[in-house]
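Engineer: Taken in order, these protein sequences are the chains called A and B. Quick note: the first sequence, position 54, residue 54 per the working numbering, numbers continuous. Position in the second sequence counted from 1, then plus 207, gives you the working numbering.
Think of the hints as simulated: they come from the structure by calculation, not from any bench. All values derive from a computational prediction rather than experimental measurement. For glycine and all other residues, C-beta sits at the position ideal for the given N, C-alpha and C. Among the clues, some could well be false.
To be verified - Below 16 Å or equal to it, Euclidean Cα-Cα: the simulated EDC-like pairs (lysine to aspartate or glutamate) are:
# : chain 1 : residue 1 : chain 2 : residue 2
1 : B       : K298      : A       : D171
2 : A       : K48       : A       : D121
3 : A       : K189      : A       : E123
4 : B       : K298      : A       : D152
5 : A       : K192      : A       : E118
6 : B       : K298      : A       : E169
What the hints assert, rightly or not - Taking beta-carbon pairs under 7 Å as the criterion, some of the chain A residues facing chain B (in silico):
#  : residue
7  : F64
8  : L154
9  : Y156
10 : I168
11 : P172
As the list claims (entries may be wrong) - Anything over 12 Å on all C-beta distances counts as not near chain A; from chain B, calculated:
#  : residue
12 : S331
13 : R419
14 : I458
15 : Q585
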Amino acid sequence: MASRTIAKDIITLRGSAAIVSEFFGYAANSILYNRGVYPEESFVKVKKYGLPMLLTQDEGVKTFIANLTAQLSEWLEAGKLQRVVLVIMSKATSEVLERWNFSIETDKEVVEKGISREKSDKEIMREIQAIMRQIASSITYLPCLDEPCIFDVLAYTDKDVAVPFTWIESDPKLIANPQMVKLHSFDTKIHKVDTLVSYKNDEEGEE
Amino acid sequence: MDSGSFPSSNKTQSRYPLQEQNLQRRNSRENLDRFIPNRSAMDFDFAHYMVMEGGRVEKDNPATTSPSKEAYRKQLAETLNLNRTRILAFKNKPPTSVESNFPESAPSVHQPKPTKPRRHIPQSSERTLDAPELVDDYYLNLLDWGSSNVLAIALGNTVYLWDASDGSTSELVTVDEENGPVTSVSWAPDGRHIAVGLNNSEVQLWDSGANRQLRTLRGGHRSRVGSMDWNNHILTTGGMDGLIINNDVRIRSHIVETYRGHHQEVCGLKWSASGQQLASGGNDNLLHIWDRSMASSNSPTQWLHRLEEHTAAVKALAWCPFQGNLLASGGGGGDQCIKFWNTHTGACLNSVNTGSQVCSLLWNKNERELLSSHGFTQNQLTLWKYPSMVKITELTGHTSRVLFMAQSPDGCTVASAAADETLRFWNVFGAPEAAKPAPKANPEPFSSLARIR
Chain A
1 MASRTIAKDI
11 ITLRGSAAIV
21 SEFFGYAANS
31 ILYNRGVYPE
41 ESFVKVKKYG
51 LPMLLTQDEG
61 VKTFIANLTA
71 QLSEWLEAGK
81 LQRVVLVIMS
91 KATSEVLERW
101 NFSIETDKEV
111 VEKGISREKS
121 DKEIMREIQA
131 IMRQIASSIT
141 YLPCLDEPCI
151 FDVLAYTDKD
161 VAVPFTWIES
171 DPKLIANPQM
181 VKLHSFDTKI
191 HKVDTLVSYK
201 NDEEGEE
Chain B
208 MDSGSFPSSN
218 KTQSRYPLQE
228 QNLQRRNSRE
238 NLDRFIPNRS
248 AMDFDFAHYM
258 VMEGGRVEKD
268 NPATTSPSKE
278 AYRKQLAETL
288 NLNRTRILAF
298 KNKPPTSVES
308 NFPESAPSVH
318 QPKPTKPRRH
328 IPQSSERTLD
338 APELVDDYYL
348 NLLDWGSSNV
358 LAIALGNTVY
368 LWDASDGSTS
378 ELVTVDEENG
388 PVTSVSWAPD
398 GRHIAVGLNN
408 SEVQLWDSGA
418 NRQLRTLRGG
428 HRSRVGSMDW
438 NNHILTTGGM
448 DGLIINNDVR
458 IRSHIVETYR
468 GHHQEVCGLK
478 WSASGQQLAS
488 GGNDNLLHIW
498 DRSMASSNSP
508 TQWLHRLEEH
518 TAAVKALAWC
528 PFQGNLLASG
538 GGGGDQCIKF
548 WNTHTGACLN
558 SVNTGSQVCS
568 LLWNKNEREL
578 LSSHGFTQNQ
588 LTLWKYPSMV
598 KITELTGHTS
608 RVLFMAQSPD
618 GCTVASAAAD
628 ETLRFWNVFG
638 APEAAKPAPK
648 ANPEPFSSLA
658 RIR
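Using the sequences and the hints, build the whole thing.
Structural biologist: Spelled out as structure tokens, the structure:
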């Protein structure tokens with residue numbers, strides 16, 4: 001009995017990478033849905049993290065996110081991923097309107113020595129659930145995206161990472177003088193993910 | 208003071224002194240504890256931006272641009288991990304539309320308007336109502352949906368009104384056995400007045416609001432009135448006698464024009480949206496286009512075009528809502544074709560064999576699509592993409608030929624009445640509630656579609 005509970009709460013590097021990359025997939029879908037980057041009709045509801053989550057049915061977007069999470073998972077397992085940023089830009093002007101910033105801290109000891117850590121799935125899910133709720137409620141304070149938008153994903157990796165064939169180096173696509181809102185974090189005890197959304201400050205005179 | 212206390216600020220020695228200097232600065236002026244109090248709470252991009260921006264500002268003032276400042280900036284940048292980070296993005300950008308998932312087209316996909324997401328078309332009817340005693344007669348027109356959202360259907364000798372907003376049913380009129388059955392119904396544009404064509408060649412005008420008969424038009428036709436259409440206050444009626452009569456319902460001698468061209472029953476009548484042209488189809492396989500301006504009461508009116516390409520009765524007629532001079536017509540069992548006409552020139556633009564008799568045609572008001580209803584063998588409704596005439600979907604459910612179709616005022620729902628004595632409602636032209644959020648999310652690309660009416 002005791003050994004079973006212990007076995008259940010053990011988290012490996014690989015398992016952690018899977019959880020984190022899956023989180024990015026759902027988070028990206030949720031952001032694209034909630035921010036209206038793609039039309040509402042192109043999403044379907046699924047149950048995940050104890051919440052109704054929306055997943056795109058658009059084949060192109062689906063493939064993009066699938067390729068993304070596959071690559072992120074690889075980097076996470078190598079401990080080389082520092083940050084993932086989902087950028088929402090104006091389709092017409094390419095001006096960056098929002099940056100959804102997920103910073104990742106990796107427990108280097110785990111990567112180097114191949115040891116595992118202990119944390120229950122349940123607890124991790126609860127933490128992710130809190131972030132997802134915050135993403136869904138972000139529309140209450142984020143400025144309205146009242147123009148057609150496109151998105152892109154930036155991955156901040158260690159310098160020694162070989163650039164995969166399908167990737168290119170990018171500029172950080174920053175927002176000048178942004179407003180920032182920090183969201184919840186979650187921690188698998190191997191990867192700690194901090195979420196922060198920065199967005200274009202429209203009311204410049206107000207502060 | 209900064210550079211003064213450390214005169215040897217050359218590159219080889221700059222590292223240690225600068226570190227000290229930084230500490231000094233922190234203690235004396237800015238009182239920062241560390242560069243990164245909490246990595247997770249920092250936005251490095253913002254920090255990077257501020258550093259770069261700060262550097263630029265200082266450049267403007269030569270007094271503050273010292274090598275030590277420069278090195279300090281570098282040091283800061285290094286501490287912030289910027290030089291050890293590589294920012295990567297996919298070469299393939301996420302698609303803005305379905306087709307754009309190609310690297311070559313990636314830069315250009317941001318310009319073209321995105322394709323509208325594929326609309327879900329429910330394959331089964333949203334609602335089915337009983338329509339007992341519906342006369343199974345191809346040449347009649349027993350269903351119409353008025354602008355006040357009330358559907359009128361003639362079942363035997365009775366005209367029923369079904370209010371689509373609350374689903375309530377009422378009986379408008381039951382005609383005497385010797386005068387019936389009702390052979391056509393047509394709502395006036397106001398959605399309040401309705402014309403009821405009878406087997407005895409008379410036409411009754413009713414006020415649906417007061418449930419009161421206003422007048423009877425008689426003396427025009429010699430046999431049943433199977434087709435009618437309104438053009439403002441003109442009610443045009445087509446009879447089994449082959450006559451088409453324009454009745455001005457406001458005046459006592461209501462017959463203002465008579466169009467003679469058909470030598471058999473007129474079963475299809477449709478005015479164009481402009482009210483200038485009238486299309487009429489008959490059991491003589493003829494399709495006529497009449498021009499309002501050519502009509503006169505004293506001399507027989509000549510048709511603008513006589514179109515003889517159909518090889519069976521022409522009942523299904525539909526004017527295109529987005530192209531004024533485009534008419535779609537459908538032929539009966541021996542013809543099975545949908546034909547498209549330029550009614551200015553009389554040219555046949557396209558002809559598609561549907562494999563079944565065409566009983567009625569409706570255009571989608573919001574999309575370039577055409578809906579046709581058919582008989583044997585499938586008794587289906589077919590949705591076509593225009594102008595490619597690719598079948599988008601086929602809706603089955605009726606078990607006998609689908610004689611009549613009518614479109615809701617919002618253009619989204621289609622009612623179909625079939626010889627199986629059912630009236631079915633289909634959400635074939637898009638759900639009204641789904642149509643609303645789309646423009647909100649993407650106002651630019653869809654606004655043009657929303658304006659087509």
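Engineer: Where does the structure disagree with the numbered hints, that is, which hint numbers, in rising order?
Structural biologist: Hints that this structure does not satisfy do not exist here, as all of them hold.
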